[in-house]
Structure formats: C-alpha cells, structure tokens
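Undergrad: Listed below, chain by chain, are the residues.
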Amino acid sequence: MPKPYVTILGKAVRTAARMRGGGSALPGLVVERIDPDFIKDTLVSLSRGVVVISGTNGKTTTTKMVVELLESQGLRVFTNKTGSNFTRGVAAALLGEIDMKGVLDADIAVLELDEAHAVHFVRTIAPRYCLMLNVMRDQLDRFGEIDATADLLRTVTQATSEIVILNREDQRIAELKDTLHTQSVRFFGLSDDLIATFPSDDTLHGGAIRLNNYKADVILASFTGNQATFIIDGRAVTTPLKLTGIYNVYNAAAALALVRAIMGGSIDQEKLIAALADVKPAFGRGETIIVNGKPLELVLVKNPSGFRLGLQSFPPAGYATMIAINDNYADGRDMSWLWDVSFESLRSEGVALISGIRAYDMTLRLQYDEVPIASVEPHLKRALKQFLAENADMPKRIYCTYTAMLAIRRDIATLTKVEAIG
Amino acid sequence: MKKNTINLLQLYPRDMNIYGDYGNVLVIKRRLEWYGYHVNLLTYDPGDSFPDEVDIIIGGGGQDSGQTKIQQDLLAIGPHLRELANEGVPMLMVCGLYQLFGRFFKTANGEIIKGIALLDIETYGLSERLIGNIILDSPEFGKIYGYENHSGQTFLGSGVTPLGKVVLGAGNNMKDSHEGVRYMNVVGSYLHGSLLPKNPAIADFLIETAVTNKFGDFSTDIVDDHFAELARKTAAKRPR
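Protein sequences appear in the order of chains H and L.
This note's numbering puts the first residue of the first sequence at 77, with every later residue one more than the last.
This note's numbering puts the first residue of the second sequence at 3, with every later residue one more than the last.
Since the hints were made in silico from the structure, they are not lab data.
Quick reminder that beta carbons are idealized off the backbone N, C-alpha and C, glycines included.
Taking lysine-lysine and the DSS-like style, the derived pairs with C-alpha atoms no more than 27 Å apart in a straight line are:
id : chain 1 : residue 1 : chain 2 : residue 2
1  : L       : K167      : L       : K177
2  : L       : K239      : H       : K457
3  : L       : K71       : H       : K253
4  : L       : K235      : H       : K457
Pulled a few chain L residues facing chain H out of the computed Cβ check, cut under 8 Å:
id : residue
5  : S67
6  : N151
7  : K200
8  : F229
Chain H extracted, bound-state conformation (with noise of 0.2 Å):
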C-alpha cells in the first residue's frame, strides 16, 4: 500500500477516536495492522535520530525535559507527548505530526517507552542514543523481576547504535555498562551528600549503596527547595527550578547529560541552563492545579520508591492529604507494593481521606503504620467531593495511582472551577 493512503486512514481513525473521545493508542494500532513499518519508514529519515527514555521511575517528566532542553538548542522535537508510552502511542502521536505525504517536520525523535515496548521498539529501529533511568519494583506482575526488567533494559542498551546513558546510583543500570563494548557509555549521578536520600530497592533493606567509581558526566550535587547545583563536566552550575520534588531534579541530571551527549560541542549551556529553570512537571507528576482559590497537587505514586520519594519530597504539614489506590491493569494488580513503603511520616498529620478500588488495602496498610485516618470512601468522584469541601480553605495533596489519577483529573473539572493550570 502506498504510504499516503495508509497516513489519510490513520489520520480519519484519529479524528474519529478524538470525537468519540477515545484512547489515545486506538489510531496507532490501526496503522500498525494496516502498515507494520509505518514508524520505521517514518522514523528512519530523522537526520539526527531516535532516542530512547525507559526505566521505572520518572520517563514521562524526563522526555518532556529532554525535549525542551533540545528545543533550546534549536532542534525540531518529535515526542510522544500523549503520555502513552507503547509502540501504538508512538504510531499514534506520528499520525498527529506527520503532513499527508508521511513526512515528518522534525529533527529528532524523542520517546519515552516502558521496558517491554522498548524491547519490542529497537527490534524494530534502533536508536541513536538511550537513556537508562532506574529498574525498580513496578509492575512485576507483568515482568516478573527486578533483574528480568534490567535485562530487558539491556537489550535496549545493546541495541543502541552510538551514546548510551546510564543511572551511576542504581547498580542494575550502571552495570549495564558491562555488557556495552561499541557503544560510548555516560552516566549521571548524586553527590555523597544527596545519594542517602534516595533510597533504591536494595538500600532500603540494606543493601551496598555505591558499587561503582564511575565519572558521572552531570551531578545533582544539592537541591534546596526551588535551587539546585548540578556539577556539569567537573564545573557547579546552580539554577533555580520550577520542578517539586527531589526526584524530579535528578531526572533534570540526567536530561542534561543525555543532551550534552546528543549536541556535544556544539551545545550554548546557557540557553540549556535556563530551558531548564523554565521546565514544568509533567502531567500528573507534581503538578499543582488551582482549585477554589487553593493549590491541589497531585503526586503519581506508581511502586514503592517512587511513592517513598514522594512523600519525603513533600512534607505533609500545612496540607490535606488524601490517597488514592487502584489495581486496574495499568496500576498492576498486586496490592504488596504499599507494605513497602513507609507511612510514618504522614502519622502527625494524619490522612483526610482514602480512596480508589483498593481503599482498605491502604487504609489497612495505614493502620498498621498507626496514621490516623478520618474518613473512607473507595468511590473516587465521591471522594473528591468530600475532600474538597471538607478542606476547602486548605492546601490539598492527593497521592494517586495512574488510573486514579486520570479520573481524578476527569472528575476535578465537573466539580469545581478549575482556574489555572500549572
């Protein structure tokens, strides 16, 4: 079939899914069906080719970073920005970019893809340049372990054709490097001082805590607040940050090395220091919305480092929190990823309320971390309504899983006047 036609089609399905308000990968999986090597004959043409973000923790807000710190370099950005990481979302957001000849008006490609997509992905077209983020406790009931998922990663890694970017803090990344041998290695890391904050998987149950001397080419070295000091190539560059949480700052280390790597010499730190300053969380991932005149954040909370993260970045005092769980397929099934994580900092203040299909699996967790707990309501726009007229004069939190999120963010709008996003 010749191209143009299979892209007309794709776009009709697009528009069509759009209308009847559908899901965001439904195109994608049209055009897959009808043209297998759509995103390969789309993709292949880049003159500065694919990159590729996977990990656990942290993909989407890193690519959208990774994004505009490229912009800032002058560079035209193809992403798949719908937050729907899988090969189809990637086919999907083509279709939305590309003109009716099938070509697409851009330099690059960024994409962020879970671990199994990845491996489904590079099989396919093999990117330039990768960016390993972490390999933590998620979704083990569809990868089954942790070093099952860093083997997955590793296939990503092998199959990347010049600059792979690696985590130094997280062993099962940085030992990456060991089967890499064409391929120029870079990694990205904490200073001693931050590395005891985040804690890994194996850390927490006391495991080693560096196990390599790697150089790091970009080092969160401190983070106050709304500042941080990266060390950049050996030189402290200090910039202040419109990100929240410490997490999301060491994804900013590791965007910067990654599009060091991609521009090398001819990088304007400049202009890369002060994209960053100017960069927003992404979707859902410490993002503040204004409701009734109060800041209403929400925190996705996916596994347990990430969830312990969270709460430490954000310190409950001041605010009303609520949290809500779900077990859909996209959050995963198994409830055993709250036991470990740690409510004890939540005990002073206690929790408004606790939602979502799983409810009293957290409230139970909560009991046996002794949080007080004022209210339950497992229907989840219920429960908005309660939390937000139970605390409408105060700052509100609500730690969610995906698809809680997602409702939540549907059900926000016909509640209440949403004023301003950001």
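Please arrange chain L on chain H, whose structure you already have, making use of the hints.
TA: For chain L alone, coordinates are given in the frame of chain H:
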C-alpha cells in the same frame, strides 16, 4: 529485657524481601504490641550469628540472585531451623524461602538448588509464571486472600498437608488444586499481598503459638480487624 518479650526474627531481609514481605513482619510486630507484648525485632543475614532465643521466624521471597546469595548460609543454619520447627516454633515462609525450606528447587535448566528439607516438598522451575490474584479455602484459617507470582511449581510429599484449596488462581502447581503447606507450626505459601494483613487469622495463629510456647497461655485484648474485613471483601471481588 521486659518479661513479656517476644523475639521476632526476620530471615534474610537484605536478599529475600521482595513484594512487601516486610508487611508480614510489621503485622506480627504491631499485633503483638496491640495485644500488650513487647517485641524484640531481630534480623538475620548471611554470616550473622544466629540469635539464641527466637519465638517467631518470618521469611520472604527474593530475586534469583538473592536466592543464590543466601543458599549456602541457609544450608548451614538448616539443621538448627529444623530443630526449632520440630520444637514447635511458629514460622511463616513465603515464596523463595518457602521453596528453599523444601528438599530442592530444580531450575528450568536442570540445575538442582538444595534446600534444607525442613518441609517435605519439591519445587520445579518452569518457564511459565503463575501470576495474579488468588483465593484459598483453608480448613484452619477460612478464606485466604493474596497475590501469587512464581515460576517454581511445588509438589507436596506425604509428611505435610496443604495450607488451603485454591478457589481462584493457580497455587502450588498447575496439577493439584492446593496452595501452600502446613507442617508443625510452620506455614509455607506463595501468597504475597502481603499475606498477613488481609489474613489476620494466620497472623494470630503464629502469635498465639509463640506466646503459648513461651508463657503458657494467651489471653489478650481484641484487635479491630474491621478494615481487614473490608479489604478482604474487596479482594474477593477482584479479577485474577
């Protein structure tokens, strides 16, 4: 040390702690405290000296790499653990340590990993993982709710009985319809979830046994299991 102290030992927390195994330890610890006992929480990792006095032992699952790290050490303390089990010390072994408390684990490649044969069970690694929500019916504990995620399939010998009959899910293996094991006061199971929070009857069995072993009787306040009951009701309705 206080007079009414129970020594709770977590076995290999560094290498065998995946899928919320700490939840089981926390539940035993808190319930004991709520019942009015003092808890001395101990950990044992490879190379440590094994504590002299132990009243309850909890062990969990691990990565394949974690199992390799602890295997030699476990074989060394195996005779002592067998002795404790035969004296009636209550133990809960989940997933990886459940398997290694048996005779052996034969991997998919045919390699034999020797266990401590405290339990009369054998495990065979297969390529297919058994994953999902699981519900059991147990003559001792009633309905048991959890989540399974294992590639090893376990077969029971004549010296042990199953923990329960599978109502939803796979269980020990794909041939029988039972899950877990009971022997003396030892409970072995593949169930995460974590197991004990939503199944307080098993937690109380371990606690009551330990307290009775040590102090002769067990009389306590009642713990409010209202939320556990509601969490069980939710679990009963969730898909595989």
